[in-house]
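With the hints as constraints, model all of the structure from the sequences given.
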Amino acid sequence: MVETLITLAAILAGAAFLMALYRFLQGPSSADRVVAFDVMTIIGITGIVLVAYMEGRGIYLDVALVYALLSFLGVIAVARYLERGY
Amino acid sequence: MIVQVALATGFVLILIGIYGALTQRNLLRMIVAFTVANSGVNLVIVAVGYLPGRTAPILDATVPAAEAAARIIDPVPQALVLTAIVIGLGVTALMLAFAYKLYEKRRSLDIARFSELKW
Amino acid sequence: MIKRALALLLVLALGGLFASLMSAYAPDPELNPTARYYAEHTAQDLGAANLVTAIIVTYRGLDTLGEVTVLFLTAAIVGLVLAQSRRRIPHQPVPGGELLATGTRLLTPLILLLGVYVFVNGHLTPGGGFQGGAILASGVLLVLLADPVKPFSHGLISVIESLAGTLYVLIGLAGLALAGGFLDNRILPLGEFGQLFSAGAIPVIYSLIGLKVGAEFASMLASLSETEDL
Amino acid sequence: MSPILTGMTVLLCLAMIVAALAAIRVKSLPMAILAGGLVSLILSVVFLILAAPDVAMTEAAIGSGLTTFLFFFVLSRMRGGEDD
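Residue numbers (this note's numbering), protein chains in the order written: chain C, 885 to 970; chain V, 38 to 156; chain W, 956 to 1185; chain Z, -17 to 66.
Derived by calculation from the structure, the hints in this document are not laboratory data. In this text the structure is predicted, and so the values were computed from the model without any measurement. The beta-carbon is built from N, C-alpha and C at its ideal position, and this holds for glycine as well. Check before you lean on any hint, since a few could be wrong.
Claimed, not checked - Cβ pair distances, simulated, as ranges: (1) V:Ala149 with W:Ser1113: 35 to 41 Å; (2) W:Ala1134 with C:Leu945: 32 to 38 Å; (3) V:Arg143 with W:Leu1065: 48 to 54 Å; (4) C:Ala900 with Z:Thr(-12): 17 to 23 Å; (5) W:Leu976 with V:Leu59: 19 to 25 Å; (6) W:Asp983 with V:Ala103: 36 to 42 Å; (7) W:Asn987 with V:Lys142: 27 to 33 Å.
Written as structure tokens, this is what we have:
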């Protein structure tokens, strides 16, 4: 049961990742690409948690913590650049 | 299988980075290409240290110290890459500072305008 | 055009080299002797659970000292190169919005706390001085993003940086005097394996490295952000 | 569980190559820098799959955050002249 759920989660995350990647490459405006970047960050956290579960190592979750707390900074950097903030 | 895929990707990243750094004309774009090549080198070194079916070199309840030698991967490439990434950020900062000074001098980032050392 | 063709030729030649390297590669079935030594001896010799930390701080401690020195030199050169620009157009950034200011006030202490957690637990969990230092610098960066005109205390940064560096070298010399050699971690008791206060001097040394790396990155960011518009 | 890991590796590696190509091909310079940040971001998940959590954490903290920032700091000082 759990195996099926994990497989399903991995497939869904992969599909979402591909869609976000398409938007990143195609996105007509800068805002589209920045939001696609942020979405891929969130899916990356999902990927880290999945890897931690499949390898059976709880300590991998520390990486997800760092990822989650720092990756939103990139989006703020681009947003501040676009509004001439620094 | 994972190792081969990662190794091939690392090599392709190095090639893309070198091609970009050689063909771009804008200094900042060359620096971006350098960081891509840097990432490729790091990926190759980590992939060489990976042994299939083993786990990370951190001992805890799931990997007791007694059976460590049979269950962990090589920690030395990881230590190397860890420091290489940090130094890579320092190198990038240095390159960006020089690009800023060059722009201040010439008002341009086009590499063709900097011809003093051309032969 | 000929330049592009030459670059393509070089890339193709390198690609052929890499392909021959790839085709001959097969992962080892066993650890090599060096890695086997580290795997078998780290737990009882040094008491560190994270072998990568043990290698960076103790087995290859001198390299790490050199690397931190390289980072210090980089920060100093960046500051030196950027310090001499004349003030032509004073840089006037748009201040950040209410949401960003409030969020920064809420999140900066949490980011700094995470950084300290990462480098204090470097011998038990993934992470350590370099990662923790980068996280501390990210916290500084968030403050810079939210309020770019806030005056930045270079004095505090350089005091932290020099103090951490001096203490690092002094602990290394204490290892020379009291234990087996330079940067030996057994000047403090090894403690119980897997606890926070264990692995001798490794947590202390890695915390100092974390403070030093964080201060160096922060000074790099500050000197880049204090440049003028061109 | 191994087929899922292998599939994830292949997907992430292909995405990384696509992002690297975008980083050297895309027209606007800020988007090229962002694509370079995307390479680092995906790379850190690949490092975790290769059982290197320390390296993955370093890459997540430095590659995706600080490097992108440094580029944008410099870029914001050169408005108007960056595209020649």
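Which numbered hints turn out to be false for this structure?
3, 6 and 7
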